[in-house]
Amino acid sequence: MFKTFAKAIQSLSVALLMGLPMASSAQQMSDNASIVVENPWARSSLGTSRPGGAYLTVLNEGSDPISLIGLRAEISGMASIHETRTNSDGVSSMAPADDIMIPAGGMIALEPGGYHAMLMQLQSPLVEGETFSLTLLFSDGTELEITVPVLGIGARGPEG
Amino acid sequence: MMSVAKIAAIGAAAVFAALFVGWWQVDGPGADPAPGKRPMPLSSMDFSLTDQDGRDVGPETLIGEPSLVFFGFTYCPDVCPTTLSDISGWLDELGPDAEDLNTVFITVDPDRDTVETMAEYVSYFHPQIQGWTGSPDQIAAIADGFRATYEKVEGGDGSYSMNHTAGVFLFDATGRFVSIIDYHEPREFAVPKIRRAMQNRTEGAEP
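From first to last, the protein sequence lines stand for chains A and B. Quick note on the working numbering: the first sequence kicks off at 1 and runs consecutively. Quick note on the working numbering: the second sequence kicks off at 161 and runs consecutively.
Same shape as in the complex, but just chain A:
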């Protein structure tokens, strides 16, 4: 009885330990820890002629509102935030997004069908299993460089 209990505790702590590095790789934050980026991911690209798309969640843990004003990435000659809109006739269009304000304690999600990081003029293909670095630019001058894992073209979310 006690043995089973001890075993359960043991496997639980192993699970917790294993969970830790996963959590830290899914979460990347600015030096002062006020901006946290979670679950970044991108779809692999067909070569370099098509724009790539990447997604992530930004949390504002600071006490002031902040805006995400742009992107920079070595892998892309032109990285920007775009927004997909679908009108009442079911027609989808895509346009560069304005600055996105994140209230203090709030978050914004770049996710399929809404905001996305649009990576035009790819300098090299986005290859499944690899990562690339993406810098998020904020209104207070913060530049947060994050690592984005590349998933398959058919990925539906950060889990694949």
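Don't read these hints as lab results, they were simulated from the structure. This one's a predicted model, so the numbers in the text were calculated from it and none came from an experiment. Ideal placement from N, C-alpha and C gives every residue a C-beta, glycine not left out. Don't take each hint at face value.
Unchecked claim - Selected chain A positions facing chain B (Cβ under 7 Å, derived; list incomplete):
1) R43
2) G47
3) P51
4) G53
5) T57
6) V91
7) S93
8) M94
9) G113
10) H116
11) M118
With the hints as your guide, set chain B onto chain A.
Chain B only, in chain A's frame:
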């Protein structure tokens, strides 16, 4: 004995309920597309395209099995891969039944989406998904039959994108339009819609 006021209140409530149901079905979320916007039956359409293996395809390719049809383009970074991933998920859930369903991705950007491009692109999704392209005239013909719209949008630097109807069209085995699965509709709504369209098949199969 009910008071006049009570009867009037019930009467008014009934009228409002009827109006609401009417609005829901005619203009509201329960509405079918307006008559002019409802896709034609596949049997009344006339188009000739090429599939990912270079074969000629037309309305007759689809009639006989229920069909899921989606318009898009391979340079699309968000909506198209997301929809094709969603469709792949629906097909996974249908399991072996998915083999009885035509599932076709049709490009609205034939200038860039050649047969080879479509073949490579669809190969990354569920094996049941086909990719069709064709001449600009024939793409226009099929889009017209589906009452789908698309439009080229120039970027500043010589690049361009396409606005396009993003819903997934569902037809039964006789080629009759059944419904549209909206962009990003959750799987728990999409899969039963597909299953219903597939049931029409057995009902409509009698001579």
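Status of each hint after checking the structure:
no.	hint	result
1	R43	6 Å, holds
2	G47	9 Å, violated
3	P51	5 Å, holds
4	G53	4 Å, holds
5	T57	16 Å, violated
6	V91	5 Å, holds
7	S93	4 Å, holds
8	M94	6 Å, holds
9	G113	5 Å, holds
10	H116	5 Å, holds
11	M118	6 Å, holds
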